[in-house]
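Given next are the chains, with one letter for each unit.
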Amino acid sequence: MIRYEFLMQIRKRSLWISMGLLAVITVLGQGDAGPRYLPDDASARVVASSWAFLWSLLLPIVAGMVLADRLVRDDRLGVSRLLESLPTTATTRVMGRFLGALAATATPIFLATVIAGGAESISREDPAVLLWTPIAFGLVLLPGLVFVGAFAMVVPLLLTAPLFRVLFVGYWFWGNMLGPSYMPSLAGTLLTPVGDYTASWLLGERALYAGADGWLQLLRPEPNGVTAALSVALLLGVGLIPLLVGSRVLARRATA
Amino acid sequence: MDITIRNLRRRFGKVEALRGVDLELSGGMFGLLGANGAGKTTLMRIIAGVLSPTSGQVLIGGHDMSTRQGRVAVQRRLGYLPQDLGLYPDLTAVEFLDYIGLLKGLDDRTARRRQIAELLEVVGLSDVANRKLKGFSGGMRRRVGIAQALLGDPALLVVDEPTAGLDPQERIRFRTLLATLPGRRTVLLSTHVVEDVAQTCRETAVMVDGRIVFTGAVSDLVRGAEGVTWEVVTSGPPPTVGEIVSAVSDAGGTRYRVVSVTPPDPAAIPVPPSLEDGYVAFMQGAAAGRSSA
Amino acid sequence: MRAVLTDVSSPLLWRYESRRVGVAAQAAPAAALAVTLLLTAFTANAGGSRADIERLLLTGLEAVVPLAVAVATVTVITRDRCRELHLALPVRYVTTLGRRLATLVGAAAATAVIYSAALVATGWWSGPAAPASPLVWVPPLLALGGLAMILTVVGRSVVLASSGVAATWLAQQLYAASLASHAGSRPFFLFLTSRYGTGEGWLLNRFALTVTGLCLLAVAVTALSRPGAAPGEEEQ
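Chains as they are written, first to last, in my numbering: chain A, 1 to 256; chain B, 1001 to 1293; chain C, 2001 to 2236.
If you are wondering where the hints come from, they were derived from the structure by calculation, not from laboratory data.
As the structure is a computational prediction, the values presented were derived from the model and not from experiment.
Where is the CB? At the ideal position from N, CA and C, for every residue including glycine.
Some clues are possibly wrong.
A few chain C residues facing chain B, derived, Cβ under 10 angstroms [unchecked claim]:
hint: 1; residue: Cys2082
hint: 2; residue: Arg2195
hint: 3; residue: Arg2226
Throw the hints in and build the complete structure from the sequences for me.
Here it is, written out as structure tokens:
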């Protein structure tokens, strides 16, 4: 199931075009603080992490948009009835579709990371950047993608896909980029899917707002290796909640 | 309503779905036969004004379908049942027909409601008229589809693969319904099910690879298989000569119906052909023509 | 054209089209505003200043309502089970879509007007004088809605169009300072009222956004009017 879900999503032309366009916009609009302008002597770890963090600002939006109608669409196209007749549990079906679709939406983002890492390796004549690239992707981008993907797949079952998309964009801004000094927000907490904590740990300095004083102070420890690992664990753990809820909702609908 | 099509072509990227279609037809029921992917739906969609051709001309009732005015003039007198008819599941059958009726310009509420009630009676859905469409079976959905197509008493009815996916009983019922429709109007029925045309049409055309390869009376198509339709009963392996149209097994062996220029077996006996045999014989000839060309 | 003209005036037809849009899409602006109010209450509870609260309330009107309408527009255009049938009807499909979008915008407008009136009445309004209050939300709604339409028609994909709208909205929020400070980009900055008030260049900004939105809508309508141009739901 994971394999076919992956193939179905990866063949979506819109996934590649949207990711491509947003990647170009991100590179062009990165500003002076972007990874393109890092000093020549920046370490491979910093270069790779900076690119991963830059991608994490906008590209997961596409993943959320793609996954938003994944389960809803099965209902609309009448596929749910067929799937319900298969000898698999609702949890297996949801997890299978989640992992396949997540892998597919993460693929273009991983490619963008590798392309940037490869280009930096060549221009800086430092192959270590390319070695750090998958590590940075796995630590900065992947936990956030799991978190966002899980909510994007399940919440539309309860809210409808259009309303979810609106709230998702607002949430992405509020929960990642809106400084906690302006208003109570999740930005800068361990639950920030943009990868603020892991990026801050890898960069050796605060990437955005990680650990900045604000609402829910308990979730804002100093960024370091331990809190970065805690952030990854929290994002993955909380990401499981909607998947379990989604399985229950689908199981109930199947027997209703 | 007369239809004249000249050198019609339609290309989708690298695929040429229509490769120069020429067709003339007037009133009555007309069947368009062809395998899946022959280009029938593309032709139906162009006739319905849903799709523009890449080149060529379509004149319907004297209106040129390449102009907006021509399309609107035809669409005002058109009933269209697309191959993939989606319905709005939250509406009842009456509401759906009422909505389509409004879009067709049937402004008089009383007359529209009366016509809807009559059509629901015709398609046998009066009992479920106020039930939401989401609970309807495939056959019921098709019948709602034909009812919406008949709204406004159209002069041209375009029906694309109407019996696809229906069970045998629904299929027979739907065919009977189709056969009663022509009256004064032109009905264009596209299908890959030969039996649908055999039971409902006098005139037919056969499409192969984006071209019309046969136009004429259904009886002419049947006649093409005279002398080349055989029946063989054997308990051994199936005949290897010709094309097997059907195979029915019983205690005495398997009864094969074969279309072949030469007898497929020394024990083969010639039998009167059906339209299906005629279609197969014609397709064999078309394939032979293509391979020798 | 008689049929088209009569159809437009039929209240029954408008009711059917409103049902096609659906309660979820029509309620999206109100739901998004409710979330904004919730966040505002949070901010107030956390000791936010009056200026911050007023700005947040205005953001709901200027940023959240247009975003909700734009995303719902993508859905309304792409999701139609009967598109093939509509294209064979004498009423232009673009007219039908226009009617549906009108019900969506109508619901959003009603929400926005009630919300504005409530803010004025309770003394939390920080925008322009009350009669000019629609200028807070109409221009960005037109611009973002027009962008949504053109992306949907050209891209023929929910993902592409909604990602494009989302990226534009987020980029404008992220680069607000830089967009508002350059003379070339200031007229096209969507959130000028809530971010920087109604000072210098505000009217020009509202005018430029309105014209941009109308141009995008005109191009999208022209593109949609071609036979076979109606965008289907994203390739599955």
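Check: What are the numbers of the hints that this structure violates, sorted from low to high?
Finding: The structure breaks only hint 2.
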